[in-house]
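Asks: The chain contents come next:
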Amino acid sequence: MKEILRYPLVLLFALFILGCTAMDLTQTNREFSEMENRYLQQKPKFTVKTLLNNTYTQKYEEYINDQFFNRDSWITIKSMAESAIGKIENNGIVYGADHYMFEKYRTLDEKRFSDNIRYVKEFAEKYPDRHISLMIVPSSYMVLSEKLPTGLGNLDQYARMEELFAGAAAPNLTAVDPTALLTAHKEDSIYYKTDHHWTCYGAYLGYLSYLESVEGKTPVEYESLPKHQVADFYGTYYSKAKLFNTVPDVIEWFDPAVEQVTIDGEEVDGLHDLQKFEERDKYGAFLRGNNGLTVIKSSAGPGDGSRILVIKDSYGNSFVPYLLYNYDEVQVVDLRAMAGKMSDLLAENDYDDILLLYSFMNFASDQNIPKLRY
Amino acid sequence: MVFSSILFLFRFLPAAFLVYYITPRRFKNGVLLILSLIFYSWGEARYFPIMIASILVDYFCSRGIESHRDNPKLCRVFLILSVVFNLGMLGFFKYTNFFVENLNALFGLSLRGISLRLPLGISFYTFQTMSYTIDVYRGKVKAETNIIDFGAFVVLFPQLIAGPIVKYTDINRELKERRMDLVQIEDGIKYFILGLGSKVLIANSIGMLWTELEGMGFSGISTPLAWIGILAYALQIYFDFSGYSLMAIGLGRMLGFDFPKNFDFPYISKSITEFWRRWHMTLGSWFREYLYFPLGGSRRGPARTYFNLFVVWAATGFWHGANWNFILWGLYFFVLLVIEKRWFLTRLNSSKVVCHVYLAIALSISWVLFAITDLSLVGQYLSQMFAFQGGSDWIYYLRNYGITFLVAMVLATPCLKPLYQKWENNLWFSIPFFGLILVLSVAYLVDASYNPFLYFRF
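Line by line, the protein sequences give chains A and B.
Following our numbering from start to finish, the first sequence increments by one per residue and tops out at 374.
Following our numbering from start to finish, the second sequence increments by one per residue and tops out at 832.
None of these hints come from the bench; they were simulated from the model.
Please note that a few of the clues may not be correct.
Stated by the list, open to error - 30 angstroms max Cα-Cα, derived DSSO-like pairs, lysine-lysine:
| # | chain 1 | residue 1 | chain 2 | residue 2 |
| --- | --- | --- | --- | --- |
| 1 | A | LYS49 | A | LYS59 |
| 2 | A | LYS147 | A | LYS104 |
| 3 | A | LYS297 | A | LYS126 |
| 4 | B | LYS715 | B | LYS796 |
| 5 | B | LYS468 | B | LYS550 |
| 6 | A | LYS217 | A | LYS111 |
| 7 | A | LYS104 | A | LYS341 |
| 8 | A | LYS59 | B | LYS468 |
| 9 | B | LYS644 | B | LYS402 |
| 10 | A | LYS2 | B | LYS550 |
| 11 | A | LYS111 | A | LYS276 |
| 12 | A | LYS121 | A | LYS87 |
| 13 | A | LYS371 | A | LYS297 |
| 14 | B | LYS715 | A | LYS2 |
| 15 | B | LYS468 | A | LYS87 |
| 16 | A | LYS87 | B | LYS516 |
| 17 | B | LYS726 | A | LYS2 |
| 18 | B | LYS635 | B | LYS447 |
| 19 | A | LYS2 | B | LYS516 |
| 20 | B | LYS715 | B | LYS726 |
| 21 | A | LYS341 | A | LYS371 |
| 22 | B | LYS468 | A | LYS49 |
| 23 | A | LYS2 | A | LYS87 |
| 24 | A | LYS217 | A | LYS121 |
Unchecked claim - Going by beta-carbon spacing under 7 angstroms, a handful of chain B positions derived as facing chain A:
| # | residue |
| --- | --- |
| 25 | PHE384 |
| 26 | PHE386 |
| 27 | MET554 |
| 28 | LEU556 |
| 29 | MET590 |
Don't be surprised by glycine CBs; every beta carbon is placed ideally from N, CA and C.
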């Protein structure tokens, strides 16, 4: 036994392997990873059948990986090592200037993209007497291109947006492109540094762009809104890259002027879920996340009974509150969570305006846009 | 199960070695056989009988040869049985679809292929068992009588998946009597950690560059990026393969076996001829010994020699994968080797710079052939490399991977080897050095399964 002390490498290697194994075996399994926002693999049940069709061993290996002890710390170590050897990306997230993070985005699913364009066009043609606006928001890497590392070679969303607008064109459809206004304010905080969303101010610029496409609506002044700040926002880009010296974002938001909010028929207390501002997924506070049908009665509307339907992805969540100053009622649909049929909704309600609001990436990849047809 | 996984490092490795070390000497091979069979069956339990069949067929064939020495005809039958069985297995699982597709394309047939996964390590262990029976037939070695020892040789888990190709004659003495002491175990641990680091920290990292180019498509990339891309691939495949061999050698040492060396800094070679003496050495020597020499080698005149070389290199290429590009890749080396042999081998060997430039270009082209299975894309990639295309895309990659490239390129040469040998036994160096590689490798392995689902595109 004494002899092994003369071979510290053997001893330490054995201790490391056995120690980690023991730590791993004795820790309790986690159900859910907040960092990754997904359920982790649990220990699979052994049956001869699953062994023979390879699902058991595969699941077991996933389980071992997902439940490895101190998983998040190991991932942080890797992120630090990558930075140490001068990498300017990690797990698909690129580090730009001024602590901005961007997504690597090279190709899109061409079929889904062209299908989604067609569904929007068909939607507009199906309701020829409704006025429909289509707003597409480019990703931060497009607007803040000066902050990107040279030669990144991401997909040119502007070119594809032109294609999108041309393909979806219909007499009653107005294309809304917030790019010009966003670009004019690129020195302001319009996108989060650590998250893929636009900020509330970015959303405000989107709102200004939208109002230009409808008649007779005056925008509310941004400065006049009562604002709050939430610090230490580590968004989705951070969760992927886990850059050790990330500078967190500050969320600036304002109290929305609401009288009543119902989500899928149930009344809720307040438009935003303020509890979420305390948690990691702070953007989830806006509009209480992505819900099927949200009906908002405004307390600051024009009083003419005007009503708008917004069909949106999560970019819409920080955008919708501004509309409460121009419409008495705002109905918000997220196709990914919607239970009912689109045609029923349009038959039952009289909308003055309909707005489709999507970020470019989500528009190009979302599988739920076909729901517009039903 | 691969060595570079959490499952292997923190489940199989500790359990297997604890059991192995506490088992009394005379039962060690039995335990090793069982552990190896578990390792083999983990990936595909259905193939367990195939492995058992492989062991039995070669065991009985060589026993048959051994006990019928006086009947050369019968010996031949046993030999042919073994070769047909081994090549048949390999042919069925690895090449059926290739032949079906080509027959369909050639004659307009619509034969159905098979949809079976390749049994783990089949390319390696069929060669090992075949060489064993051939060696018995040639009288180079006595047939093994103990089926447990023989089974342990065939399934021996360190070299089962990806080599080195360990011949029976390499380890037959160790199967009976092997040294197992802390010196050897420490050596093994060092090899294992170096191999793990090569695979996880270098090969996987730099391999991402190539994967990304494949994802983007080759049509839009600039000429500098095309060269950076294939350089990344060359480094990836070297560190991946040699890393895996090192891990195998290390695990072998820890069990008491000395496996043959498989890579010897191939990229410092001065010619393709030399390259193939340094790259995947056990495969090269296998083909030399069991294909090239039986065909007559170089003793039957120049025409026959070229034919033999042609066969060997077509087979070498085809062994690497069931696709035309691999055959083309093998034949590409055949052409280069013949040209070198006839005209410039001596000139290359006496040059200082030209030989390395030549090798860099020749190998880059070879890796294009190897990496891209679609032949039309091979042409496209080569044209990106040789017909100049401007662009700034390479700046990003150079900046992002610069240090990784530098480290990998330095480590692909032996220039740090003297320094390493000097410090290897200095604890102030070795503990932090190996510790860092190990910890970082684990971190990278955990990260590889990091899969944030962040309604990312929402």
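Asks: Each of the hints needs a verdict: does it hold here or not?
Replies: Each hint, compared with the structure:
1. Restraint check: the Cα-Cα separation between LYS49 of chain A and LYS59 of chain A comes to about 13 angstroms, which is no more than 30 angstroms; the hinted pair holds.
2. Annotation: proposed proximity of LYS147 of chain A to LYS104 of chain A holds, straight-line Cα distance about 14 angstroms (limit 30 angstroms).
3. Between LYS297 of chain A and LYS126 of chain A the CA atoms are separated by roughly 27 angstroms; this keeps the pair inside 30 angstroms, and the hint holds.
4. Among the hinted pairs, LYS715 of chain B with LYS796 of chain B is inconsistent with the structure: their alpha-carbon atoms are about 38 angstroms apart, more than 30 angstroms.
5. As the CA atoms of LYS468 of chain B and LYS550 of chain B are separated by approximately 34 angstroms, the hinted pair breaks the 30 angstroms bound.
6. Simply put, LYS217 of chain A and LYS111 of chain A have alpha-carbon atoms about 37 angstroms apart, too far for the 30 angstroms limit, and the pair is violated.
7. Straight-line distance between C-alpha atoms of LYS104 of chain A and LYS341 of chain A comes to about 35 angstroms, which puts the hinted pair past the 30 angstroms bound.
8. For the proposed pair LYS59 of chain A and LYS468 of chain B, the alpha carbon gap of about 26 angstroms is at most 30 angstroms, so the pair holds.
9. Of the supplied pair hints, the one linking LYS644 of chain B and LYS402 of chain B is violated, its CA atoms being roughly 44 angstroms apart against a limit of 30 angstroms.
10. With a C-alpha separation of about 28 angstroms, the suggested pair LYS2 of chain A and LYS550 of chain B falls inside the 30 angstroms cut-off, and the hint holds.
11. Among the hinted pairs, LYS111 of chain A with LYS276 of chain A is inconsistent with the structure: their alpha-carbon atoms are about 36 angstroms apart, more than 30 angstroms.
12. About 43 angstroms separates the Cα atoms of LYS121 of chain A and LYS87 of chain A, which puts this hinted pair outside 30 angstroms; it is violated.
13. With a C-alpha separation of about 25 angstroms, the suggested pair LYS371 of chain A and LYS297 of chain A falls inside the 30 angstroms cut-off, and the hint holds.
14. A C-alpha spacing of about 57 angstroms is found between LYS715 of chain B and LYS2 of chain A, which places the hinted pair above 30 angstroms, so the restraint is violated.
15. Between LYS468 of chain B and LYS87 of chain A, the direct Cα distance comes to roughly 39 angstroms. Violation of the 30 angstroms bound is thereby established for this hinted pair.
16. Simply put, LYS87 of chain A and LYS516 of chain B have alpha-carbon atoms about 56 angstroms apart, too far for the 30 angstroms limit, and the pair is violated.
17. Distance check on the hinted pair: LYS726 of chain B and LYS2 of chain A sit about 52 angstroms apart at the alpha-carbon level, beyond 30 angstroms; violated.
18. Simply put, LYS635 of chain B and LYS447 of chain B have alpha-carbon atoms about 37 angstroms apart, too far for the 30 angstroms limit, and the pair is violated.
19. Between LYS2 of chain A and LYS516 of chain B the alpha-carbon distance is near 41 angstroms, which puts this suggested pair outside the 30 angstroms criterion.
20. The straight-line distance between the Cα atoms of LYS715 of chain B and LYS726 of chain B is roughly 19 angstroms, inside the 30 angstroms bound, and the hint therefore holds.
21. With a CA separation close to 8 angstroms, the supplied pair LYS341 of chain A and LYS371 of chain A stays within the 30 angstroms bound.
22. Distance restraint check for LYS468 of chain B and LYS49 of chain A: the Cα-Cα separation of roughly 26 angstroms lies within the 30 angstroms cut-off, and the hinted pair is therefore satisfied.
23. Proximity of LYS2 of chain A to LYS87 of chain A is assessed by CA-CA distance (about 44 angstroms); at most 30 angstroms being required, the pair is judged violated.
24. Between LYS217 of chain A and LYS121 of chain A the alpha-carbon distance is near 25 angstroms, which keeps this suggested pair within the 30 angstroms criterion.
25. Interface restraint check: PHE384 of chain B against chain A, minimum CB-CB distance 5 angstroms, threshold 7 angstroms, status holds.
26. Interface hint status for PHE386 of chain B: violated, as the beta-carbon distance to the closest one in chain A is roughly 10 angstroms, over 7 angstroms.
27. For MET554 of chain B, the shortest C-beta to C-beta distance to chain A is roughly 12 angstroms, which exceeds 7 angstroms, and the interface hint is violated.
28. Taken as an interface hint, LEU556 of chain B checks out: its beta carbon lies about 5 angstroms from the nearest beta carbon of chain A, inside 7 angstroms.
29. Hint status for MET590 of chain B relative to chain A: holds, with the closest Cβ pair at about 5 angstroms, below 7 angstroms.
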